[in-house]
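Just so you know, the protein sequences line up as chains A and B, in that order. Going by my numbering, the first residue of the first sequence is number 1, and it counts up by one from there. Going by my numbering, the first residue of the second sequence is number 1, and it counts up by one from there.
Simulated from the structure, these hints should not be mistaken for laboratory data. The reader is advised that the hints may include incorrect statements.
Pairs of lysine to any residue residues, derived as SDA-like cross-links and limited to a Cα-Cα distance of at most 20 Å, are as follows [stated by the list, open to error]:
1. A:K100 x B:Y53
2. B:K222 x A:P65
3. B:K199 x A:G19
4. B:K203 x A:S69
5. B:K199 x A:Q105
6. B:K203 x A:G19
7. B:K203 x A:R98
8. B:K203 x A:G103
9. B:K203 x A:K279
10. A:K100 x B:S41
11. B:K199 x A:I292
12. A:K279 x A:K267
13. B:K199 x A:R72
14. A:K100 x B:D21
15. A:K100 x B:G310
16. A:K100 x B:V44
17. B:K199 x A:K279
18. B:K199 x A:T312
Computed from a predicted structure; not experimentally measured.
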Amino acid sequence: MRAADVPFEKVTAKNFPKGPDSLAPGHRACQGCGEVLALRLLLKALGTEFIAVSATGCMEVCTGPFPQSAWRMPWVHIAFENAAAVASGVEQAVHVLRRKGRGHQQRIPVVAIAGDGGTADIGLQALSGALERQHVDFVYVCLDNEAYMNTGIQRSSATPFGANTTTSPVGVKSKGQYTWKKNMPAIAAAHGIPYVATATPANYLDLMNKIRRAVAIEGPAYMHVYAPCPTGWRMKAELAVESAKLAVSTRIFPLYEVLDGHYAIRKVDKPTPIADYFKIQGRFRHLNAEDIEAITKKVNSEYDRIVSLSETFPV
Amino acid sequence: MAKRIGIEVSLAVAEAVKLADTDVIAAYPITPQTHIVEHLSELVADGSLDAAYIPVESEHSAMSSCLGSSAAGARTFTATSSQGLALMNEMIYIAPVLRTPIVLAIANRALSAPINIWNDHSDIMSVRDAGWICLFAENGQESLDLTLISFRVAEDPKVSLPVSLNLDGFTLSHFIEPIEIPDKETVDKFLPPFVPCFKLDIKAPMSLGLLGGPEYYTESRKATDDALLASKTVIKKAFAEFNDVFGRQYNVVESYQAKDAETIVLAMGSISETAMTAVDELRAQGKKVGIVRLRLWRPLPIEEIVEAVGHAKNLAVIDRHLVLGAPYGPVGLEMMSVFYSASQKPNISNFVLGLGGRDVTRDDFKYIFDRAAAQQGQTRYEIVGVLE
């Protein structure tokens with residue numbers, strides 16, 4: 001079956017999943033955290049009949065200080081760079097135990113959850129291996145807050161150009177991050193897996209339906225979720241959702257799906273000026289008009305590339 | 001019916017993994033371990049072993065996948081050597097505390113640099129403190145038997161710890177030996193199906209790998225050490241029951257001509273067979289020499305070691321790993337600590353040899369027996385046969 005035709009139970013405003021949440025109420029993350037919001041929405045859509053694998057990071061630390069755990073489904077955390085490899089082992093074990101009559105008969109999705117550092121940097125090799133091996137019940141979610149926030153806002157390869165972090169500081173010889181954000185969804189899609197999607201917690205129904213689709217499809221799925229970080233982005237705590245909306249409306253974070261190599265993008269015909277997105281975040285405070293123009297050019301070029309792919313290879 | 005055939009030791013280990021009905025194998029190729037996982041791939045490919053073989057992209061992911069698989073309740077096996085074990089290092093330290101009963105065969109090989117594919121024990125010694133049960137095989141039959149015993153011990157509810165089975169790379173792993181391959185029914189009598197103490201189960205959710213702050217870290221490490229120390233009793237029981245079923249008795253410490261020996265060499269792994277030949281020749285000359293071999297390295301079987309060597313005048317401890325910057329090798333240091341407070345103790349000296357595949361001969365052992373008897377109060381290890 002084509003990935004686009006795989007049925008799944010859609011989340012709508014009317015049938016929005018009711019509690020209790022599969023992530024315990026409350027959280028130990030920073031005030032206004034966009035990442036824990038994204039995580040809660042993902043888990044709300046998933047329920048509890050799956051196995052979660054966390055990489056070390058903000059979400060792991062804030063949900064699991066022994067003897068407490070916020071996870072109401074089987075959950076395992078091993079280390080930082082290997083969520084994809086751990087999930088591979090879990091997924092294969094579940095399959096073989098079912099085959100040998102020692103497991104449950106139902107399909108059990110295995111969902112690995114990691115940050116941008118655990119995905120685009122130190123975890124890239126394990127992720128690539130897992131995607132290449134075509135695990136059937138494997139979903140990988142990158143919660144991208146664009147730096148190593150858990151260790152104190154150090155740059156990662158997913159940090160955007162120009163961002164001020166503690167290891168890409170602004171100075172007389174530096175405009176902050178000097179490299180362009182690594183394109184993880186494109187890297188995931190290059191593995192030829194059946195499903196890649198981007199999402200934000202501001203577009204919550206979209207996010208929840210994408211994770212539902214990801215687990216319904218047989219084959220590895222990769223979701224790249226924008227996870228605004230008020231602390232790390234030097235932003236007011238109440239602006240996480242607003243910043244995610246702006247990331248989409250400025251085309252900085254295009255919402256799209258890749259189904260069996262076919263692209264579907266939520267188009268943004270009249271983009272909001274990127275300066276609007278930058279001005280609420282202290283990490284971009286130092287950028288001048290010229291910098292913003294260069295960034296806008298780059299952002300539009302990636303957006304146009306995806307639009308073009310969606311026209312050449314429509315779903 | 002068990003049958004005795006000529007088979008490469010690596011393949012015999014793989015056959016034992018098959019006989020154990022292993023569920024998941026996650027492995028990455030590295031010399032000299034490769035023949036084990038190649039044969040396992042074949043067994044899975046031809047349908048004679050119903051297991052998932054995960055061809056991971058690194059040893060780090062091999063052990064990570066094994067952790068996931070074992071946590072999900074599957075009998076799990078992997079194999080590696082040298083740099084592969086070094087790359088696994090981070091995961092090696094996590095497996096015991098999470099109480100995942102993974103079985104790992106290590107075809108022991110020297111660590112780089114210089115890069116060297118041949119045998120010594122530097123790989124396992126680099127992770128000796130991680131909390132794994134460490135067994136050392138001397139020959140092919142023992143390699144197969146200890147593979148079965150490893151699963152049995154690892155998965156015992158009183159243990160629930162990972163086990164590393166060490167076999168010397170090439171000098172053991174690649175030799176063809178006459179080995180008795182047991183039949184499945186007999187193996188089943190000895191090795192029951194894996195019933196995990198806990199597992200990732202959607203019907204009974206649990207969290208594994210939570211953060212342990214200063215309030216809990218010490219206790220979780222201590223609990224693991226307690227389990228490791230307590231595993232010795234289970235290992236000895238498994239050895240006894242293995243003997244009941246298969247008629248081959250193993251002990252945590254083996255002795256050869258050691259009871260009345262004045263000078264004893266203590267070694268691990270396959271070189272003790274060479275040492276036994278040297279002992280035979282020296283005994284023929286009337287010299288009171290013997291060999292003690294540690295089959296169990298972790299937990300260190302202290303009482304059995306004291307019993308086996310405590311009476312000797314001289315104890316020569318062999319290390320196949322050079323600890324740079326330290327006075328003695330790991331085995332040497334531990335023997336000294338075992339006897340430190342003993343009222344009656346042998347004169348202990350420490351010899352390093354057989355690094356990176358350097359041949360160890362009978363003459364080397366004859367030299368060591370003489371040297372150990374002749375010298376008192378050695379203050380630093382001696383490398384045997386180093387070219388100056």
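Now the hints, each set against the structure:
{"no.": "1", "hint": "A:K100 x B:Y53", "verdict": "holds (15 Å)"}
{"no.": "2", "hint": "B:K222 x A:P65", "verdict": "holds (19 Å)"}
{"no.": "3", "hint": "B:K199 x A:G19", "verdict": "violated (26 Å)"}
{"no.": "4", "hint": "B:K203 x A:S69", "verdict": "holds (17 Å)"}
{"no.": "5", "hint": "B:K199 x A:Q105", "verdict": "holds (16 Å)"}
{"no.": "6", "hint": "B:K203 x A:G19", "verdict": "holds (18 Å)"}
{"no.": "7", "hint": "B:K203 x A:R98", "verdict": "holds (14 Å)"}
{"no.": "8", "hint": "B:K203 x A:G103", "verdict": "holds (11 Å)"}
{"no.": "9", "hint": "B:K203 x A:K279", "verdict": "violated (48 Å)"}
{"no.": "10", "hint": "A:K100 x B:S41", "verdict": "holds (19 Å)"}
{"no.": "11", "hint": "B:K199 x A:I292", "verdict": "violated (51 Å)"}
{"no.": "12", "hint": "A:K279 x A:K267", "verdict": "violated (23 Å)"}
{"no.": "13", "hint": "B:K199 x A:R72", "verdict": "holds (14 Å)"}
{"no.": "14", "hint": "A:K100 x B:D21", "verdict": "holds (10 Å)"}
{"no.": "15", "hint": "A:K100 x B:G310", "verdict": "violated (50 Å)"}
{"no.": "16", "hint": "A:K100 x B:V44", "verdict": "holds (14 Å)"}
{"no.": "17", "hint": "B:K199 x A:K279", "verdict": "violated (48 Å)"}
{"no.": "18", "hint": "B:K199 x A:T312", "verdict": "violated (46 Å)"}
When the structure is compared with the earlier hints, violations turn up for hints 3, 9, 11, 12, 15, 17, 18 and for no others.
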